[in-house]
Amino acid sequence: MYYIGIDLGTSSVKLLLMEESGKISNIVSREYPLYFPHPGWSEQNPEDWFAQSMEGMKELTAGIDRTQVAGISFGGQMHGLVTLDENDQVIRPAILWNDGRSGEETEYLNTVIGKDVLSQYTANIAFAGFTAPKILWMKKNEPEKFEKVKKIMLPKDYLAYRLSGAFCTDVSDASGMLLLDVKNRCWSEKMLAVCGITAEQLPKVYESWEVVGTLKPEVAQELGFSQEVKVIAGAGDNAAAAVGTGTVGDGQCNISLGTSGTIFISSKNFGVDENNALHSFCHADGSYHLMGCMLSAASCNKWWAEEILGTKDFGKEQADITKLGENNVFFLPYLMGERSPHNNPDARGVFFGMSMDTTRADMTQAVLEGVAFALRDSLEVARSLGIKIERTKICGGGAKSPLWKKIIANVMNLKVDVLENEEGPSMGGAMLAAVGCGAYPDVETIGKKLAKVVDTVEPDTELVAKYEEKYQKFRTLYPAMKPLF
Numbered sequence: 001m002y003y004i005g006i007d008l009g010t011s012s013v014k015l016l017l018m019e020e021s022g023k024i025s026n027i028v029s030r031e032y033p034l035y036f037p038h039p040g041w042s043e044q045n046p047e048d049w050f051a052q053s054m055e056g057m058k059e060l061t062a063g064i065d066r067t068q069v070a071g072i073s074f075g076g077q078m079h080g081l082v083t084l085d086e087n088d089q090v091i092r093p094a095i096l097w098n099d100g101r102s103g104e105e106t107e108y109l110n111t112v113i114g115k116d117v118l119s120q121y122t123a124n125i126a127f128a129g130f131t132a133p134k135i136l137w138m139k140k141n142e143p144e145k146f147e148k149v150k151k152i153m154l155p156k157d158y159l160a161y162r163l164s165g166a167f168c169t170d171v172s173d174a175s176g177m178l179l180l181d182v183k184n185r186c187w188s189e190k191m192l193a194v195c196g197i198t199a200e201q202l203p204k205v206y207e208s209w210e211v212v213g214t215l216k217p218e219v220a221q222e223l224g225f226s227q228e229v230k231v232i233a234g235a236g237d238n239a240a241a242a243v244g245t246g247t248v249g250d251g252q253c254n255i256s257l258g259t260s261g262t263i264f265i266s267s268k269n270f271g272v273d274e275n276n277a278l279h280s281f282c283h284a285d286g287s288y289h290l291m292g293c294m295l296s297a298a299s300c301n302k303w304w305a306e307e308i309l310g311t312k313d314f315g316k317e318q319a320d321i322t323k324l325g326e327n328n329v330f331f332l333p334y335l336m337g338e339r340s341p342h343n344n345p346d347a348r349g350v351f352f353g354m355s356m357d358t359t360r361a362d363m364t365q366a367v368l369e370g371v372a373f374a375l376r377d378s379l380e381v382a383r384s385l386g387i388k389i390e391r392t393k394i395c396g397g398g399a400k401s402p403l404w405k406k407i408i409a410n411v412m413n414l415k416v417d418v419l420e421n422e423e424g425p426s427m428g429g430a431m432l433a434a435v436g437c438g439a440y441p442d443v444e445t446i447g448k449k450l451a452k453v454v455d456t457v458e459p460d461t462e463l464v465a466k467y468e469e470k471y472q473k474f475r476t477l478y479p480a481m482k483p484l485f
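With the numbering used here, letter number 410 in the sequence shown gets 410, and the count goes up by one each step, no holes.
Accuracy of the hints is not assured; some may be wrong.
[To be verified] Taking lysine-lysine pairs in the DSS-like style, the calculated list, with each CA pair at most 30 Å apart, reads:
| no. | residue 1 | residue 2 |
| --- | --- | --- |
| 1 | K466 | K448 |
| 2 | K415 | K388 |
| 3 | K190 | K204 |
| 4 | K406 | K323 |
| 5 | K482 | K449 |
| 6 | K190 | K302 |
| 7 | K388 | K449 |
| 8 | K302 | K268 |
| 9 | K449 | K312 |
| 10 | K466 | K400 |
| 11 | K466 | K388 |
| 12 | K183 | K449 |
| 13 | K268 | K190 |
| 14 | K470 | K58 |
| 15 | K183 | K150 |
| 16 | K470 | K23 |
| 17 | K115 | K23 |
| 18 | K150 | K216 |
| 19 | K302 | K204 |
| 20 | K190 | K150 |
| 21 | K268 | K448 |
| 22 | K190 | K58 |
| 23 | K302 | K115 |
| 24 | K216 | K204 |
| 25 | K216 | K140 |
| 26 | K466 | K449 |
| 27 | K323 | K115 |
| 28 | K268 | K388 |
| 29 | K323 | K449 |
| 30 | K302 | K470 |
Worth flagging that the hints you see were computed from the coordinates, not collected in a lab.
Assemble the whole structure, with the sequences as input and the hints as a guide.
This is how it looks when you write it as structure tokens:
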């Protein structure tokens with residue numbers, strides 16, 4: 001049997017075909033446009049997601065017996081607002097996770113409703129990227145469109161709806177809407193009242209491995225699949241990536257260096273830090289996780305190389321970087337504002353400490369180190385809760401850089417485990433599909449069985465000491481710059 005994992009990303013959809021043994025048979029990627037209609041806005045057309053996912057699945061399964069496809073599941077970009085009317089038509093383009101328009105609504109939720117109240121209702125406070133502020137923005141700025149809203153869903157859940165007709169979401173993705181009572185894994189009626197929406201407008205909540213339905217006959221026919229193919233709820237991209245990297249069970253850690261950057265710590269127990277600097281979400285394995293999320297990670301390196309240096313040869317740019325822990329140039333990686341732990345949509349990128357002898361390589365190194373330092377900010381919050389982490393998995397495009405992995409290991413003082421494959425959310429989606437179809441008993445079992453560590457980057461005592469000194473200097477820069485943002 002085959003299982004399909006669909007990673008619905010911000011720039012493209014990545015599809016992965018997995019055999020029951022965990023072997024990856026094929027991977028396909030298809031791009032779609034991203035729209036910026038105003039500064040700070042970020043939107044996509046949900047129809048593009050569906051169209052490219054359908055074409056991608058045809059390409060993905062071109063060489064196999066398609067009747068052997070048993071299940072489809074998802075890892076998807078989180079927090080996006082997708083709205084449908086009574087005829088199931090998309091009302092407006094989806095407002096994405098990295099959209100910053102809802103600053104006023106975020107401020108209202110955090111100050112008027114109050115952070116303590118929000119944390120009590122949802123275990124989290126408001127961030128501009130979350131879904132609830134977007135709903136309030138739409139209600140205020142597009143009242144005629146808001147009146148038409150019959151269904152509110154997240155990006156990957158739109159795919160599930162188009163494929164199966166099931167109006168569904170899962171606990172991990174729903175955790176990032178600021179509408180879910182995370183501890184009890186259900187919608188918060190009080191939070192729905194704050195946003196002026198009803199439970200009927202929201203999907204049914206499932207665990208990530210649960211079956212939500214089967215393919216619609218017309219979809220099955222177009223794909224050449226059986227109508228019995230199960231559609232499984234899936235997870236938010238970070239929880240799906242955690243499944244794909246075996247970050248399941250208690251006290252496991254995963255760092256993702258994608259467009260955004262995350263540090264993800266799985267926990268059997270529900271917990272919240274006192275300042276809500278980290279997100280407290282449900283995990284796809286049935287438990288919980290803490291997550292620090294920075295809005296720009298590998299995208300900082302992409303911006304620096306492509307937009308400023310005018311090159312796509314990332315490896316060549318990193319080849320001249322040899323003196324780790326000795327760079328006097330610092331970079332604040334807040335190109336899209338920042339989420340964890342600062343929660344400041346107005347924060348911006350800053351280079352600091354250049355002199356006449358600063359080189360191109362120093363600047364590139366500062367970008368890589370700045371992302372690592374910013375991720376450590378979130379790790380320090382977890383450590384303040386008494387959570388002891390000694391090692392981490394790593395995934396995402398940035399994880400393909402040996403240099404960046406070495407920097408991460410020494411800045412964090414963690415052993416960094418490198419996996420046989422770093423397919424992240426698409427692999428996690430396929431694994432959730434396999435659990436949903438009964439090929440494995442639970443998420444923890446498949447996560448630990450299929451995520452194979454092939455290398456470990458060990459921290460170097462001398463480098464750790466040098467980076468400790470640099471990190472202490474880095475952490476003074478944001479407070480000093482904050483009044484200027």
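Outcome of the hint check:
no.	hint	in the structure
1	K466 <-> K448	violated, 34 Å
2	K415 <-> K388	holds, 13 Å
3	K190 <-> K204	holds, 17 Å
4	K406 <-> K323	holds, 12 Å
5	K482 <-> K449	violated, 45 Å
6	K190 <-> K302	violated, 41 Å
7	K388 <-> K449	holds, 24 Å
8	K302 <-> K268	violated, 36 Å
9	K449 <-> K312	violated, 36 Å
10	K466 <-> K400	holds, 24 Å
11	K466 <-> K388	holds, 22 Å
12	K183 <-> K449	holds, 28 Å
13	K268 <-> K190	holds, 26 Å
14	K470 <-> K58	violated, 50 Å
15	K183 <-> K150	holds, 27 Å
16	K470 <-> K23	violated, 42 Å
17	K115 <-> K23	violated, 45 Å
18	K150 <-> K216	holds, 21 Å
19	K302 <-> K204	violated, 38 Å
20	K190 <-> K150	holds, 19 Å
21	K268 <-> K448	holds, 16 Å
22	K190 <-> K58	violated, 43 Å
23	K302 <-> K115	violated, 35 Å
24	K216 <-> K204	holds, 18 Å
25	K216 <-> K140	violated, 36 Å
26	K466 <-> K449	violated, 37 Å
27	K323 <-> K115	violated, 43 Å
28	K268 <-> K388	holds, 14 Å
29	K323 <-> K449	violated, 38 Å
30	K302 <-> K470	holds, 23 Å
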